[in-house]
Amino acid sequence: DVKVTQSSRYLVKRTGEKVFLECVQDMDHENMFWYRQDPGLGLRLIYFSYDVKMKEKGDIPEGYSVSREKKERFSLILESASTNQTSMYLCASSLSSQPQHFGDGTRLSIL
Amino acid sequence: GENVEQHPSTLSVQEGDSAVIKCTYSDSASNYFPWYKQELGKRPQLIIDIRSNVGEKKDQRIAVTLNKTAKHFSLHITETQPEDSAVYFCAASRQAAGNKLTFGGGTRVLVKP
Chain G
2 DVKVTQSSRY LVKRTGEKVF LECVQDMDHE NMFWYRQDPG LGLRLIYFSY
52 DVKMKEKGDI PEGYSVSREK KERFSLILES ASTNQTSMYL CASSLSSQPQ
102 HFGDGTRLSI L
Chain Z
221 GENVEQHPST LSVQEGDSAV IKCTYSDSAS NYFPWYKQEL GKRPQLIIDI
271 RSNVGEKKDQ RIAVTLNKTA KHFSLHITET QPEDSAVYFC AASRQAAGNK
321 LTFGGGTRVL VKP
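Heads up: the sequence lines are chains G and Z, in that order. The opening residue of the first sequence carries number 2 in this note's numbering; numbering runs sequentially from there. The opening residue of the second sequence carries number 221 in this note's numbering; numbering runs sequentially from there.
Keep in mind that a hint or two might mislead.
Chain G stretches covered by chain Z per the calculated footprint, using a threshold of three residues with CB under 8 angstroms from any CB of chain Z [to be verified]:
no., stretch
1, 42-50
2, 94-103
Below, simulated BS3-like cross-link-like pairs (lysine-lysine); rule was C-alpha separation at most 27 angstroms, straight line [what the hints assert, rightly or not]:
no., chain 1, residue 1, chain 2, residue 2
3, Z, LYS288, Z, LYS277
4, Z, LYS288, Z, LYS278
5, G, LYS72, G, LYS54
6, G, LYS58, G, LYS71
7, Z, LYS242, Z, LYS288
8, G, LYS54, G, LYS71
9, G, LYS14, Z, LYS278
10, G, LYS72, G, LYS58
11, Z, LYS332, Z, LYS257
12, Z, LYS257, G, LYS58
13, Z, LYS277, G, LYS58
14, G, LYS4, Z, LYS288
15, G, LYS4, Z, LYS262
16, Z, LYS262, G, LYS72
17, Z, LYS291, Z, LYS277
18, Z, LYS257, Z, LYS291
19, G, LYS56, G, LYS72
20, G, LYS4, G, LYS54
Read the hints as simulated data drawn from the structure, not as lab findings. Virtual Cβ for every residue (Gly too), placed ideally from N, Cα, C.
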């Protein structure tokens, strides 16, 4: 069974802090994705990666960056956290021709 | 880019009745359409998907239909049960299944016993 693990279920940070959200998958998937989930807006793609050291902007990349130094790990970085980044963050991974599998999510609160 | 709209945003049905959720998409090049179910506090999980070369697909009580001409697709759940209560998301992708998805806003389904 595919395992996508996000480092924290809940996280509370302060405005202006640099925040790291980590995601690890154990199925050698080449594709990895970061979404944020807000009520009524569904899941919106922030960044994605098709290979190590490769990244592409999604639909809402502003205020975020990512890092993929190893195939199994995809990190989302909030350079200077703001209150409007309070949200549920979901990581997903997939093989090129297969559906995406999601992690349990990180509920991030920025105070 | 792609835009996916999903209706209704909430749906309440009596146990045993059918539930239908509809989605429209804007990019005629989209060719892969998955549906995810998210129970309260849990991760989204794929329940069914359809590709653009197929008009309908069934899996037990769940079916999805696709109308490429009208650019809309629907999820049908028959004989609903309380465990069907969840938020359902439709999505569309321009490329293969593993590529980036554009999601609809979600439908909260409540099945009343």
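Cross-check of the supplied hints:
no.	hint	in the structure
1	42-50	holds (count 6)
2	94-103	holds (count 9)
3	Z:LYS288 x Z:LYS277	14 angstroms, holds
4	Z:LYS288 x Z:LYS278	18 angstroms, holds
5	G:LYS72 x G:LYS54	9 angstroms, holds
6	G:LYS58 x G:LYS71	19 angstroms, holds
7	Z:LYS242 x Z:LYS288	14 angstroms, holds
8	G:LYS54 x G:LYS71	8 angstroms, holds
9	G:LYS14 x Z:LYS278	45 angstroms, violated
10	G:LYS72 x G:LYS58	18 angstroms, holds
11	Z:LYS332 x Z:LYS257	18 angstroms, holds
12	Z:LYS257 x G:LYS58	26 angstroms, holds
13	Z:LYS277 x G:LYS58	32 angstroms, violated
14	G:LYS4 x Z:LYS288	34 angstroms, violated
15	G:LYS4 x Z:LYS262	14 angstroms, holds
16	Z:LYS262 x G:LYS72	25 angstroms, holds
17	Z:LYS291 x Z:LYS277	17 angstroms, holds
18	Z:LYS257 x Z:LYS291	22 angstroms, holds
19	G:LYS56 x G:LYS72	12 angstroms, holds
20	G:LYS4 x G:LYS54	21 angstroms, holds
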